[in-house]
Structure formats: C-alpha cells, structure tokens
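Engineer: Residues per chain, in single letters:
Number of protein chains: 6
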Amino acid sequence: MRPSGRAPDEMRAITIEPHFTRHAEGSVLISFGDTRVLVTASVEERLPPWLKGKGEGWVTAEYGMLPRATHTRGQREAAKGKQSGRTQEIQRLIGRSLRAVTDLKKLGERQITLDCDVIQADGGTRTAAISGAFVALRIAVNKLMAQGLIKEDPITAQVAAVSCGIHQGTPVLDLDYVEDSAADADANFVLLSNGNIAEAQATAEGATYDEEGLLRLLRLARIGCNQIFEAQVKAIG
Amino acid sequence: MRPSGRAPDEMRAITIEPHFTRHAEGSVLISFGDTRVLVTASVEERLPPWLKGKGEGWVTAEYGMLPRATHTRGQREAAKGKQSGRTQEIQRLIGRSLRAVTDLKKLGERQITLDCDVIQADGGTRTAAISGAFVALRIAVNKLMAQGLIKEDPITAQVAAVSCGIHQGTPVLDLDYVEDSAADADANFVLLSNGNIAEAQATAEGATYDEEGLLRLLRLARIGCNQIFEAQVKAIG
Amino acid sequence: MRPSGRAPDEMRAITIEPHFTRHAEGSVLISFGDTRVLVTASVEERLPPWLKGKGEGWVTAEYGMLPRATHTRGQREAAKGKQSGRTQEIQRLIGRSLRAVTDLKKLGERQITLDCDVIQADGGTRTAAISGAFVALRIAVNKLMAQGLIKEDPITAQVAAVSCGIHQGTPVLDLDYVEDSAADADANFVLLSNGNIAEAQATAEGATYDEEGLLRLLRLARIGCNQIFEAQVKAIG
Amino acid sequence: MRPSGRAPDEMRAITIEPHFTRHAEGSVLISFGDTRVLVTASVEERLPPWLKGKGEGWVTAEYGMLPRATHTRGQREAAKGKQSGRTQEIQRLIGRSLRAVTDLKKLGERQITLDCDVIQADGGTRTAAISGAFVALRIAVNKLMAQGLIKEDPITAQVAAVSCGIHQGTPVLDLDYVEDSAADADANFVLLSNGNIAEAQATAEGATYDEEGLLRLLRLARIGCNQIFEAQVKAIG
Amino acid sequence: MRPSGRAPDEMRAITIEPHFTRHAEGSVLISFGDTRVLVTASVEERLPPWLKGKGEGWVTAEYGMLPRATHTRGQREAAKGKQSGRTQEIQRLIGRSLRAVTDLKKLGERQITLDCDVIQADGGTRTAAISGAFVALRIAVNKLMAQGLIKEDPITAQVAAVSCGIHQGTPVLDLDYVEDSAADADANFVLLSNGNIAEAQATAEGATYDEEGLLRLLRLARIGCNQIFEAQVKAIG
Amino acid sequence: MRPSGRAPDEMRAITIEPHFTRHAEGSVLISFGDTRVLVTASVEERLPPWLKGKGEGWVTAEYGMLPRATHTRGQREAAKGKQSGRTQEIQRLIGRSLRAVTDLKKLGERQITLDCDVIQADGGTRTAAISGAFVALRIAVNKLMAQGLIKEDPITAQVAAVSCGIHQGTPVLDLDYVEDSAADADANFVLLSNGNIAEAQATAEGATYDEEGLLRLLRLARIGCNQIFEAQVKAIG
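Residue numbers (full-length UniProt numbering), protein chains in the order written: chain V, 1 to 237; chain X, 1 to 237; chain P, 1 to 237; chain R, 1 to 237; chain U, 1 to 237; chain H, 1 to 237.
Next comes chain V alone, as it looks inside the complex:
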C-alpha cells in the first residue's frame, strides 16, 4: 500500500491552468497533486552568441524553487549567489526535453525561454515542469504562427515527463515526497506522444535494480504520460 493510498499505477490529480500570468507569450500553472509549478514561455528575437547566423532558433529553460516551496525553508539561490548542481541539472533536462520536439530551423532565429518556478513541492517537480513547459511553449508558438512570424509548425510531437520508482519492492508511478525519500530507485522518463523516448534516467538510491525493473518503470511511465498528454490537449484547447 502506498502512503497516499494510491494504486501502483495511479497518477496524482493533474491540473493545468493556462494563461496564469499575463505578460508572457505562454504561461501555465501545472499541478501533479500538491506539486505546483508556474511555467512561462518568453519569446525573444535574439539568440545566444554561438547560434547567431545559423538560420535556426533555440529553446532553453531555467528552473527555480521558491524558498518555502518545501517543508522547511531552503536558502534562496539568488542570495547564495549560485545555482546548485541540482538546479542546473534540472534546467538542462527541461531544455533538452523541449528541444526534442522542436524543429529549430522552423522556429527561425529567435529564442524561447521556459521559466519553471516551483510554487509548492511534493515530489516530481522536474517532471511537472517539463509537462507544463510543453503547454506554455505550444501556446507561445501558436501566437507566433497566428502573427505570421512562423510559417510551418516547428513542434513535432507532444512531450511529457513523469517519475517512477521502486518503493518497498513495488514499482510505482508518480512518486510524491514521502515515497521519493524512501524509494530504492528513482527514475524520470521523458516520453513523446508518438511513443518514443526523449530521455530515460534511472538511479539506484537504496538498492540497485535489474533490466526487468527498468522496463517495468518505463511501462508505468507510459501510463502516466498518456494521462498528461490528454491534460495538455485539454489545456491548449
């Protein structure tokens, strides 16, 4: 029995509230249960120096956690003067995941930045961020297409992410904080709506796992991502 009473292959409630803020070209507040992440997509008609003049664009991401998103207050990264290794690892993952479904040539010479800020954390913040960032990106790209700034749709598929893990010997879907702290293995899968995998990361925490375990986690992830794909479609409208 999971601490939350959920079945092993049961996601938490997924909600995606589009247009949560008004200045960004795209924005959503996404929740996986008590995990809530605000994502904005900002379009800028400029590029990082190393991409200039190549006839293509860039999609990147930044990630942050409000100091009291967590059970006990964490130090503000802006006050510490640097982003932790964890933060940098997560924002690199989010950026790669979104680029996996974006044709950068069709995007044209512009940059879209996905800012993912965790308002409240209860496990799975990076997977909620990726899943919400897709919606913010989709909204921003739709706006660019409506304005005629982009001719062909650069987005090639939906992308979503979910965590899975082995908790007391049982593979389970969408770990919350309590499960995450006690899991033997902890995985994040970034999947595409066409069935492909963009990223698989499975880490032994308490105990290592075998090939069969890896496959069972991947199959749980597919169940979860299919539900997220539906919620994304509904939010985009």
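Since the hints were made in silico from the structure, they are not lab data. Hints may contain errors.
Remember, identical chains collapse to one label, so a pair may be satisfied in a single copy or spanning two.
[Said to hold, decoys possible] Derived EDC-like pairs: lysine to aspartate or glutamate, alpha-carbon spacing no greater than 20 angstroms straight-line:
id : residue 1 : residue 2
1  : Lys151    : Glu17
2  : Lys106    : Glu205
3  : Lys105    : Asp153
4  : Lys105    : Asp184
5  : Lys151    : Glu109
6  : Lys151    : Glu56
7  : Lys82     : Glu56
8  : Lys234    : Glu45
9  : Lys82     : Glu45
10 : Lys105    : Glu205
11 : Lys52     : Asp184
12 : Lys54     : Glu205
13 : Lys80     : Glu44
14 : Lys54     : Asp103
15 : Lys234    : Asp210
16 : Lys80     : Glu10
Using the hints provided, position chains X, P, R, U and H relative to the given structure of chain V.
Structural biologist: Positioned in the frame of chain V, the structure of chains X, P, R, U and H alone reads:
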C-alpha cells in the same frame, strides 16, 4: 485623467488570498490590480549569529521577482549570481516595516522570514509585498500562540504600504506601471493602523517637489492604507 | 541635552576642502564633524550601453567605506566579493540626488562618476557624501565648460543632504554616531537650493512617528542644508 | 562502419595504471583510447556537517577538465569563478555511482573524495572517471583495512560505466568524440559486477528512440563493462 | 635626465602624518611625492582559525586603491566582486614584510591588520604602503605596551621599502609613474634598519638585466630606505 | 646535510617528456624530482581586447594544482569559486617570464596560453612550470613557423627557473617540500640562457638575509638553470 481611468485617490482592486501554499506557517497571494505577490512566512527556531542569547527574536524578509513577471523577461538573479541593488533595497525595507510592528522580545528566540516573490508585476510590488507580508506574519504568529510557544501577542499594530506619485502635475494614489514610468515623483509610505508612520520615502524622478506636495502624497497614502487594513482584517478572518 | 552638547538645530562643523586629489576632474574632502568623506568626480567620454545614442549623458555614484573608518574594523567589501545592501542603497541615493540637479541633455553624451569613499565615519556619511559630491561635480562641470566641451550649464540648482532624527523624544539635526545608534527615528533629506525636495526618507527605528514629527524633521533639515549650501559656495569659490 | 573502424560492440583499448601519483591514498590513470583521466582517492577523517554523528561515512567526487584536454582550449573553471552545469552533473553522477557499491556504515565516520581530472578528452570522460574511481577507491579502502581502521569490507561489488549511442542508425559501444558529436542518442550506463544497474541515462540528441533501442544500448553496455571489470581486477592486483 | 629632474639616487619628498584618522589603533598618511597612502593598524583580540591555540599572534595586510587614485578611473574592486591578482600580490607582500620585523610570540594571541588604501597614485604605492604600515604598526604596538597587554616589545627592527629601476639605461631610485611606465626593469626592495633584506623582487620589463644591475639597484634602495627610516623615527616621535 | 642527502648545489633529477598530450600545439610533462607539472601551449588566433590592432601578440599563463597533488587534499579552486592570491601571483610570474624571451611583434596578432597544471607537488612547482612552459612554447612556435604563419623566430633566448633557499644556515639549490617548509629564506630566479636575469624574488621566511646571501643564492640558481637549459634542448630535439 489617469491612464487607467481611476480617480486620483482610487486604489486598484485589493485581493488577499490567505493559505495560498501549504508548507509555510503563513502564506498569502496578494494582488493590487495586476500586481500579484506570493508571500510566505517561515518560522525557524534559530537566530542569526549576532542575535543569539539576547532573549529576543528577529523578523526579516527576502524579495524576488520571477523572470517573466514583467513585460519583457529579466535575467534570473540566481543565474546572474547576485541580487541587484534594487532587490536588496526592497527586502531591507520590507524587513524594517514588519519589525516596526513586532515586539521582538515577545516573539522569543526565533526568526520569521517573509519571502515575497512577485508572480506578476504592474507597479507597486514592494508595497503589495509589505501589505501581504503583514497577513502572512499574523497567520504564522497566531499559529505560534495557538501552540503555546508565544505567550503574549508580539504584534503591536497592523502595517500596510502603498505608493503615490505626482503624475502630470496631479498627486495620485497606487501607481500602476504606466503611471510609475512617467511620474515626476514617486513615493512609498509604510503606515500603521494606529495612525503612525513607519517609513516615508519620496523621490523626485522628473521634477523635484515641495513640502505641500509631500503632505498631499502622505494624505493619499492614508486613504489607500485604510483600505488595505480592511482587506487584511478580512483575510485573517 | 544632546551627547555632543549641541543645540537640537545645531549642525556639526562643516568643512569642504576642494582639489584634495589631483587626477580627478573634481575632488573634495568634506567633513561633518568627525565624519570625513573623500569625493572625486571622474568624467568619461563613454556611456552605459542602455544610454548610447540618446543624445544625453549620465551621472552616477559609487560609495565605499575604508575598513577602519569605523570604531571597529569592518570586512573589506572587495575581499568579501560583494557590496552590501546598505552600500548599494546609498550609492543609488547619491546618484539620484545629483541627477535631480543635472540636465542630462545639456551634459552631452558623457558620464560623470562620483566616487564617495568614507575615510572616517561618525554618522551621516551618506549625507556628507551627497553634499560633497555636489561640489566635485560642480568643479568638474566648470572644467568641461571652460574647455568648451559643454555649452550651457547643465546644473540647475545646488543639492545638499543632512540627517535628522528623533532622539529621546526631541527632533535633532545632523546625528552623530552616538545619537544615530539610539534614535527612535532616523531621516535623510536631500534638498535643493531652490527650496524643493529631491528625496525624503524617514524611518522608524525604535518608535514610529506622526505627520507632525515628519514636518519638524524636514524643517530642521532646511536649517542644516542652508548652511551646507553656503559652505559649498565658498568651496567652489 | 564506425569512423574509428571499430565493430559496433568493440570497446577502445582500456588501460589502468595504478599508483600514478604518490600522495593520495589511491590513484590511477585510466585510458579509454585517447581519453585519459587521472583519479585520486583522498581519505579524510572528517565528515560533511549534515552527516556528523550518524555512525556512517561518505563517498563523494569532484570532476574537472584541464583547459586544453580538448581540441580547442576551454576556459579554466577556477578562473571563471564557477563550475559549469555539466561539471556539476558529472560529479554528482560519479559520487552516486561509487556510493551504490559502498556500505557507508562499514566505511565508518570518514570521507573519501574521488578527484577525477581529465588530462585528455576524446569522448566518454565521465564513464572513464567512474571506472577509474572504483580502482582508486578499492586501493584506498584496502589500505584502511590493512591499517585496521576498517574491520569489514565496505565495498559490495565492482562498478564500471560506459557510454553507448545510436550512430547513423546503429547502436554502438563506447563513443569517441567524433561519434559522440554526431550521435542520434547518447547513453551512459553504470553497471555492477553482480549484474545490476546503478544508473541508466539515455538522451535523445538528434532523434528520439524506442524501448527496443534502449534495451540494445543496455546490452552493449554490459559487454563493455565486463571488459572494464576485468581491467579493474588486473589493476588492483 | 629623469623626467622629474631628480638625480638618479634622489628620493621624492617623504612625508608621514601620524594619527590621520581617529578610530584605528595606529594610522598614518604617508606620501612619496604625489603618491599618498592612508594606512591604519587595527588590533583585534582574535586570530585566524589555523593559528588558534598556538600561543602566537598574526600580522596581516589588505591593500586597495580608490577608483580615481589613478590618471584614469579604474573599476572599483568591490563592484567587480573580486580583488585583482595585482592587489592580492601586493597585500601578501605587505603582510610578509611586516611579519619579518615582528616576533609573533611576543605579540600574543591577537591579530593586527594593516589596511593600506591608496588615495593618490604616482608610482611606488606598495613601497609607500609598507613604509607607512611600519609606523602604524609601531604606534599600535606602543599602545598595547602602554596598556600592559604586551610585556616585551615584539618589533625587532624598522622595515621600509622603495622601488628602483633601470630607466633609459640608468639605475634610478624611487620611480614615479612616468618612469615606471617606461622602465626596462622594475624592482622593489624591502630592507631592515639592521642592514638586512626582507624581500628583493626585480623584474625585467623591457629588457633583462645582469648581476651587476641587480646589485646597483639594491644599493640605490639602501640610500632610499635610510631616508625613510629617518622619516619613520620622526613620525613616531 | 640536506634531508634528501643531496649536495647544496645539487638539483633533483630533471625529466622533460614532450608531446605528453595530443590536442595542444605544444605540451610537456616536466619533473623536478617528485614535482610533476603538465604544461600545454594553446595557440589562438585572437587577442585580449586591450591588445587588438597593435600589430603584436600576447603570451600568458594559467596555473592550477590538482586537489590531491599535495600531501593533504586542498579545496578545488573551481569549487571555491576563486583563485587564491598564491595562484594568481604564480601565473602572473610565469607569463612575465615567457614574455621576457618573446618578441611579441614577431609573434604576430595571436595569443599563446601556457596552462601549467601540477599533477604532483614536492616544492618548486612554479619553477618547474616556467622551465616546462618554455619547451611547450618552443614546440608551439616551431609549429607556427613550419606552417609559415610566423616568418621570423620570435623567441630570443631560453628561459628557465629554479628555487634556492637558506636551509639551516646553508644556501641550497632546488628546495623540495621538506626543505621549503623549514627554510629561512626562499628565492626564485628566472634566468636566461644568455646569462641575464628576468626575475629575482628572494623572501625572508624565518630570518632576513644580507647582500652576500642574495648573491650566493643567485650563483646556485645559475648552476641549476644551466642544467635545465640542457634538458630543454634535449626535449625539443
């Protein structure tokens, strides 16, 4: 006529949503029109080194703005590796304002940190932050009193803040972003529910002002703060 | 009775020694009693990036305190690797104050930086810095006009600053360190020789204050600034 | 055909030179072809603050690349003043991998730091680092056991890592720099000598992949790691 | 002929004004011609962590240059967020030089910090700093002895420093900025009043030099330091 | 008797292994006994901003020490976020030494960076770095000349460096770590193959020294450098 069509002494709509997040001892989402600030109050049973053993507590604040809270995306301070002078100035002001209504001896040897994060900006973020922080602090202190950790109420009055300015020759209350950008003078007042002043800051931007101008701004601020005091009382319940 | 034996509306001795150093386009050593600040004005024929090509100039300030300007040695900010919030707040105030009396269009596309370094501190360092910076700026601008680089005088008035506070219930002028540490309220006023106000900042420390208190502090500040204006005129010669 | 002429399941030459430096408790120079990494294991009788008094030890890693380990000179991270996101991600991975085969209770209240410095880079630096770090750790732990400081062997298995990828449609083992730059997918597997998986990370670069692709990469990784396990045993002697 | 008209072995005017500031335990304003350095000695009854409990004290130095001490304004190190290599090299040299004449055991478990801040620069700032720092240290130590905190005089000799160089083929004493910029070789000598050498540093700039050149520079340095020793004695009184 | 059993004027074994890594335009692994430094020379067809358009090139150096090059592990400078004063002092010395034998006009508008990374430390790391950097520079310049990118040889002499010191009253050559820790004076000489001196630095540690001592150290340095010049010639081939 103000760009927003408001009368000179008319505040924007004030909303205060208490308990916006669940981990913090106190939290609110406060809005002054399109300006929205999330404030959490975190109680910690520890003190900054220079206060240890003096038999009193500390109230402090941190302030941040999400990168796309504004019309165009700003660089994330955690990524830049330092907080701007503006950020530091604002968080020092918030901290002083809250301490002006807190008896630190009665608070006991603990620290309360008010994290004020701007979700969306349309002028007056620091005054909304102070006004919301009071509610978050009040909720957190009520919890400590209910738990018997504090015997006597350390909070001595309500505190609220509002901006005023001279816009096209007319003193106006609660500047939004459009007015703020064009104001000749820009003031922030931090007022107490007992009628006193905790902080007055009036800065000439385009044109300097005289004593009469200063007094008219102060009187507008009283009108605004009285409305905020009411909204605070309602939110605390 | 004030600790120094001064009357409530009595300034400390003001001395302004112009041309204290030889490389800067303008320089002064200003003293308010034992507070001594060295100010240099540096003219550079370049602008911050965001001002380029707008046909106007810029006046800015930096502030520092020598590690042993104070009673006990403070850590050197260059060694700590960052400027404190207090330092940044003060240098922003000095810059705004000088810009309040400078017509940036008439200054032309050049930048003047006022470096204010506190040699010895006994309260009121920021107000001495502003008052001295005006003289350094005036000397530097005079040089630019004598060289024919500026046609019309860009300086529109004199500016000076002084602190006031409520000490043991009495409003007093020009706080020294001993009074400052014990004051109930602490204010800084930046006033113009034409009678106007460039900046008013009044902060409750031990006890909040009322409108009447604010006005009494402002009136003391006028007395002080008038004396500083005279000393400035004499120093410029 | 691979650019290097290797068969798809062919590793580059593996060499492990133990005792490459003399001060460290354990040290090796490991090469996977032209990739050369110097790893030292440093034993310290102290712990990070958050582990003190828990009766267990810690194994951690740091990673660096000499500025001219690569084809063109990269900026020195010490001169830039911060470690890149890539560096931090890699050193977190190395630390987790080594902890997956270490019983921290049996290690006792001490810390072992694996410093992995890339002397020359030609793809696969992080996997060479993990594979070499195991040998340095084993040598250091053997020394502690010989000195009687540790009673029971805390190391529970061998650990090794190798990269795999999909290159021009073919899954290949142990990517060199040329292949890595052009790969559609890029994976790193950290495997144990008991057959288990400590970490699996598979990232789509040019094209996403499917479950079958993930499994084929994992099987190649087993082939490679088995050869590394043999080389480790020979190096430890 | 030297640009300044001085003879090859002629120092610039040396002035040492003791007690220039009032808070520090020792302070001087020293000038070598137009080079002016303010030095304060701060006594603290605490030690750096690595010296605690060894029954001895520490003498250290920090060095800074006001932004407009020089012909053109330099960036403030506190604003840049780090001290330059040059600054660190100089402050290490000053500290070593003072420790060469201090018996740290007799000093007792306290630290004296010499802050050397250049008010105006015209070549030779580090040598003026060392020469002035000796006086500030002597004054501070005299105070400690007068208070009975130190029993035996820990200062074993006077120390002074001067620069020399080879300018247009001629060895010259006490380079000013114009000479320093054009010198073929540039040397700094730190000498003791007992005739010994604490530090010799001779650097080829435009042209390398030979043993005879090195000795001629050293002999010039003795001439200069003897004059500084006299000025130190007079300043201490 | 020296701790190592060497005669006072006896160098440790000097080995210089050229072409130690393959990407750099020049590279060596140099050893002075147990001190081992890897030096690479990187040629870049770009210049620091302040040198652009002057028709000359630049030679510069960076220095680092692997965390466990030493007896006990030191903190990684990249992790600390800044280079120590010692590191900066050393890399400035290395750069100056190489420039003393390079005609920057003949080098043309390009930069050569010498990266000196200490693999193992046993005293004299900076002198080994300079001596090895000359070989790496020579190899890189030979390559540029062979490619016809440089017409005339910009290198005017060989340069080498060695440390000397006064150990238990005896001047000795090429201090190892044990001697260095106990030396009364510690000197580094950078000498040219034409007999001239590029840099002399002699520092009193435990006891100051006299002119005769300085000369005896210089003469020992000549003996050492002559042996290094021979080893350099052999390594270049």
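Engineer: For each hint, tell me whether it holds in the structure or not.
Structural biologist: Each hint tested on the structure:
no.	hint	verdict
1	Lys151 / Glu17	neither (27 angstroms within a copy, 42 angstroms between copies)
2	Lys106 / Glu205	between (41 angstroms within a copy, 17 angstroms between copies)
3	Lys105 / Asp153	within (11 angstroms within a copy, 47 angstroms between copies)
4	Lys105 / Asp184	between (42 angstroms within a copy, 17 angstroms between copies)
5	Lys151 / Glu109	within (13 angstroms within a copy, 42 angstroms between copies)
6	Lys151 / Glu56	within (14 angstroms within a copy, 41 angstroms between copies)
7	Lys82 / Glu56	neither (30 angstroms within a copy, 29 angstroms between copies)
8	Lys234 / Glu45	neither (29 angstroms within a copy, 45 angstroms between copies)
9	Lys82 / Glu45	neither (27 angstroms within a copy, 26 angstroms between copies)
10	Lys105 / Glu205	between (40 angstroms within a copy, 15 angstroms between copies)
11	Lys52 / Asp184	neither (45 angstroms within a copy, 23 angstroms between copies)
12	Lys54 / Glu205	between (42 angstroms within a copy, 18 angstroms between copies)
13	Lys80 / Glu44	between (28 angstroms within a copy, 18 angstroms between copies)
14	Lys54 / Asp103	within (14 angstroms within a copy, 39 angstroms between copies)
15	Lys234 / Asp210	neither (37 angstroms within a copy, 26 angstroms between copies)
16	Lys80 / Glu10	neither (38 angstroms within a copy, 40 angstroms between copies)
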